[in-house]
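**Q** In case you want the letters, here they are:
Number of protein chains: 4
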Amino acid sequence: MLHFESDYMEGCHPLILKKLEEINFEKNVGYGADRYCARAAEKIKVACGKPDAIVHFMIGGTNTNSTIIRSILRPSFGVLSADSAHIAFHEAGAVEATGHKVLTIPHKDGKITAEQAETYIRLFYEDENWEHEVRPGMVYISHPTEYGTLYTRQELHDLHEVCRKHHLPLFIDGARLGYGLAAYDTDVTLKDLADNCDVFYIGGTKVGALLGEAVVFTDPSLAQDFFTIRKMSGGVLAKGWLIGVQFDVLFTDDNYLKIAKNAIDTAMTIRKGLTEKGLKLYLGSPTNQQFFTMEDQEVKRIAEFAGYGFMNKLDDTHSVIRFCTSWATRMEDAEALVAHF
Amino acid sequence: MLHFESDYMEGCHPLILKKLEEINFEKNVGYGADRYCARAAEKIKVACGKPDAIVHFMIGGTNTNSTIIRSILRPSFGVLSADSAHIAFHEAGAVEATGHKVLTIPHKDGKITAEQAETYIRLFYEDENWEHEVRPGMVYISHPTEYGTLYTRQELHDLHEVCRKHHLPLFIDGARLGYGLAAYDTDVTLKDLADNCDVFYIGGTKVGALLGEAVVFTDPSLAQDFFTIRKMSGGVLAKGWLIGVQFDVLFTDDNYLKIAKNAIDTAMTIRKGLTEKGLKLYLGSPTNQQFFTMEDQEVKRIAEFAGYGFMNKLDDTHSVIRFCTSWATRMEDAEALVAHF
Amino acid sequence: MLHFESDYMEGCHPLILKKLEEINFEKNVGYGADRYCARAAEKIKVACGKPDAIVHFMIGGTNTNSTIIRSILRPSFGVLSADSAHIAFHEAGAVEATGHKVLTIPHKDGKITAEQAETYIRLFYEDENWEHEVRPGMVYISHPTEYGTLYTRQELHDLHEVCRKHHLPLFIDGARLGYGLAAYDTDVTLKDLADNCDVFYIGGTKVGALLGEAVVFTDPSLAQDFFTIRKMSGGVLAKGWLIGVQFDVLFTDDNYLKIAKNAIDTAMTIRKGLTEKGLKLYLGSPTNQQFFTMEDQEVKRIAEFAGYGFMNKLDDTHSVIRFCTSWATRMEDAEALVAHF
Amino acid sequence: MLHFESDYMEGCHPLILKKLEEINFEKNVGYGADRYCARAAEKIKVACGKPDAIVHFMIGGTNTNSTIIRSILRPSFGVLSADSAHIAFHEAGAVEATGHKVLTIPHKDGKITAEQAETYIRLFYEDENWEHEVRPGMVYISHPTEYGTLYTRQELHDLHEVCRKHHLPLFIDGARLGYGLAAYDTDVTLKDLADNCDVFYIGGTKVGALLGEAVVFTDPSLAQDFFTIRKMSGGVLAKGWLIGVQFDVLFTDDNYLKIAKNAIDTAMTIRKGLTEKGLKLYLGSPTNQQFFTMEDQEVKRIAEFAGYGFMNKLDDTHSVIRFCTSWATRMEDAEALVAHF
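Protein chains in written order, with my numbering: chain D, 1 to 341; chain Y, 1 to 341; chain B, 1 to 341; chain U, 1 to 341.
Where hints are given, some of them may not hold.
No copy labels: a pair is met if it fits in one copy or bridges any two.
Heads up, simulated DSSO-like pairs for lysine-lysine below, C-alpha to C-alpha not over 30 Å straight-line [to be verified]: (1) K277 with K300; (2) K19 with K258; (3) K300 with K43; (4) K261 with K27; (5) K280 with K300; (6) K191 with K19; (7) K27 with K300; (8) K272 with K300; (9) K18 with K261; (10) K27 with K280; (11) K45 with K300; (12) K313 with K165; (13) K27 with K272; (14) K50 with K191; (15) K43 with K272; (16) K27 with K277; (17) K313 with K108; (18) K272 with K45; (19) K261 with K19; (20) K165 with K18; (21) K18 with K272; (22) K50 with K261.
Derived from the structure by calculation, the hints contain no laboratory data. Keep in mind the model is a prediction, meaning the values are calculated, not measured.
Chain D on its own, in the form it takes in the complex:
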């Protein structure tokens, strides 16, 4: 059986596992005040070109998203995002549970544009009842998006400009950031990302770590009280060093990008192989998630030899499914998948 269900099926990169073994009996202080977290934070700031950034290590995506959002928004403000965003659908109402509405804009291939944001904000203030409505207090995007697509540097820049103009922090969910940075044709580097937002995170859970996300406040003023808000929100690990040490490894010798590249290579093999065999891409993703439109009969057949992610029904006889690779996917498995068609 082949497995392309998700990018969080395996453990962690062997370099990380080795390090965890090495330091298993070291005695480190709790809650992220240890030297590994400090060292990893320094390396991340260097990699981002942001010496003044503030870095926090958190546990997983849903918690990281809602904690950052609640820490930034005033009580009656909401977060503006694509209607396809993870925070809008797949997080069980975590943002609403902190008291804030997710305000949505129709996505295009998982993305929203600077123009859409500008228009939303303009129409909001043109509505004479705006004081009776939830006000956009920040903008959320993910890179890569829910559909594996990427923003260009120009698109990020334009969106950030609109946000700055309206004093709305731009927050980028980078749960799969490594796979975005490692994509073949992207013009967005980690530094570009850091330059074009106010806070973002570098996903570890899906990119080589056992667990963990590194939050980077490129605008340090947004990080006020953040440790306590994290603690309150369940986003502080007693053994905080457990995440720090993993990011220390990932941000040594460019490991984060190197590790991520395998997911792109295997995903592109699947994409090329399956499209050559006549399968129809649902949309063109340059990252580790590949979406195909298929007849339901075909979907059933695939279930016999490969795990995949079921996305949604398109019509009575067709569905969209996803093949997902990771830093750990073997090229032979990608080729085996192609060979099945």
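Based on the hints, put chains Y, B and U in the right spot on chain D.
**A** Just chains Y, B and U, lined up with the frame of chain D:
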């Protein structure tokens, strides 16, 4: 330098680390739907003598506490606890952040009694304004308590009886449960605990695991919607199997108790050694946390050779400090600590 | 200047004002425990044909909506409503502020159908990730809707059947209920409404009272803890009798309906008059809100002689505006408005 | 039967009732944007000597308290108050329902001192775990307090100085403010109060109005987004003018103070009369609430001729009860009460 700051300074038990290495490249489905979680849950139910219990694997104590509490309480209800409870002071308002008040009773050595709970509830309903006040909707205790003390089986039974009489679920925080069960003189077994509450958890983070807490709903009706509430609250790990596999190891061959015993042995060595040398116990704890009353001058001197936990000032010249052992504390370190006095 | 901006511009019906004067120096106990609240509740239960209903008197619409919703939903549940619903747009995120998501269905003339609800629920549970998503825990509609339209008895019945089938309470916002009941062609009586939902409220603020809404739990089991949840949510008036006495008047001698009828008569005069003069209805509302599509030039001209509600832009040169009547609108004003065209 | 249960048993001052009749059919715009609210706000700013203050009209005490608190606090902050404070006990957890903890200090006659606040804050930051705890983000007091006592100008000044030093806004709950200002011996004027806090409110519900509280942000920077937060929190009346017009009357010709004086006169008559007859004051309150310590037998006897407020049991045979007067209490009733002893 010796380290007795806390019981979450080291990684995990070697048996767990070995297992994590073994399965590192296995492909497991996400969110706790994997076979390790299933197997660990079965073992835990057997160990508790509760075939109908529902088991969930969560990440850390603060998040586990507030998620369980929010899942049980009606909107205007509060949770009754000792004023020394972790949820009352050290969780950054995590319970309040879910909209609920922590209602406190003065603790005695970290514990509350059945009589205190009964009195609180009686006085609450005798107050003719009770409908204007926060109503106790559940009771929270921890075992061991914040001060390392333990309930007796009879005390647990009596408290649970009061709770049952008033239809209040009793929730036991077992972040250090292993150290409670492994104490020399306790008459409370895991089965006793399971018999005398409605929901509790078995701490992994502090007792041999890298991270993780196993929540056991002995009253399965309380577990309704719990997965989604966990997800919403940031208490679901994408790689859920990471916690499952650790509890699978811990609940094989009685490892959980065996591992915990070391913390008791080393703590008792410290207790005996230091009291023999004339140090004054703040209170008598049978578990892995030992509290001493000291002159501040002495405290300063200790800081030169050993890490400890600072608890609180007693008066202008005395403080309470804590020495904390764990499954990983070496007996030679405990002896070295004693030798310093 | 004529005024058709809203239905909350005037004070209260003279019968109410007279009663308030009469009892001004009476001494009544607080928080709704007075005899007026008791009497009004009895009259309302009789009028609804629901002897077992539980009645609460609240202050205003937004607070009533979010308080009822928070009192019913489990923590991770959301409320299903039309995307045009008041709770979805015009209440400043009051529902989200209680921790719950508003799940929306595209409205048709402000309404949603039983089929839409059924489909939403079916698709929700068919999605294998449903446990990661906000679950519909109740259904909210308003009668009349945001667009002044009305459900038929059959539509209410069908929707309630779907709700019952899925164990979702149906909540009807009746902020303008009087105007719905007094519409010329409706087949929905107060008893029908009470028969076809689980909780609803009878609007006072917009229908003859100074302020106040009468909440009717036709399913008494939903009213558990409701007084305390109201108190916590700011929905309890110290002088609770102030609302009770107003509903006592409104539910004496069928005053509620009699008073409401004037709004319909004047609204129909406007509707007939303006359509005869060639103005274009945006949609056909049988109640006190009449919506017209107009050129923006025309809208500007109107602003010189009449207040109206601006709804939204339709395109670059057209807008939708609303003329709103009330129990207090004078027929001569309605006629004067028509005469202006 | 005599009635001294509370100060919210009667309607409103006849001057207000007369005004409400006069303008009953006027057409005023909604949500507080009307001319009465504007006029009342101006008069209040003049009376406070604060031309730059921002004034909002809200509905009742509990909602006003929690809305102001939630609008000021960062997510992980709490509000510091006396343990006897209304927000700590009698508001059904309204503050916690907005996600914030009420941090308490032991009261002395209902009050807290500058020293207590200073000590609390100092100890908080001295605790090396403070980032794991709820941080005091503002201070709440009421004037008069729950026990009818008053701060002196010096006490307010000192407390405000401590607050300013630590950048904590000081919020004064003035639900009974009129009775504080009208007390015979107080040295605190409305201007003093406004000078010594950052936000406070002037109670209407208990001092002559049907309902309503006037919130005054003497620090205008705290009022950001306040209208929307009020709306979200259920603290906006559609007929906002209803509260504005009442405060317009109350702040004309010094009515607010004149009206309040009657409550003091009658309360002092009761105090003098009953103490002369040998009854024992529980504490010395200079305002409209008078507390007596009594044998339970005596309490029972009183219930036959007079309503009172039951406060609490003192011991097995004694209780504390309250006699409460208001702007509407007749002197003959106060005298009749005394005559009964």
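**Q** Check the structure against each numbered hint from earlier and tell me which ones fail, lowest number first.
**A** 3, 11, 15, 18, 20, 21
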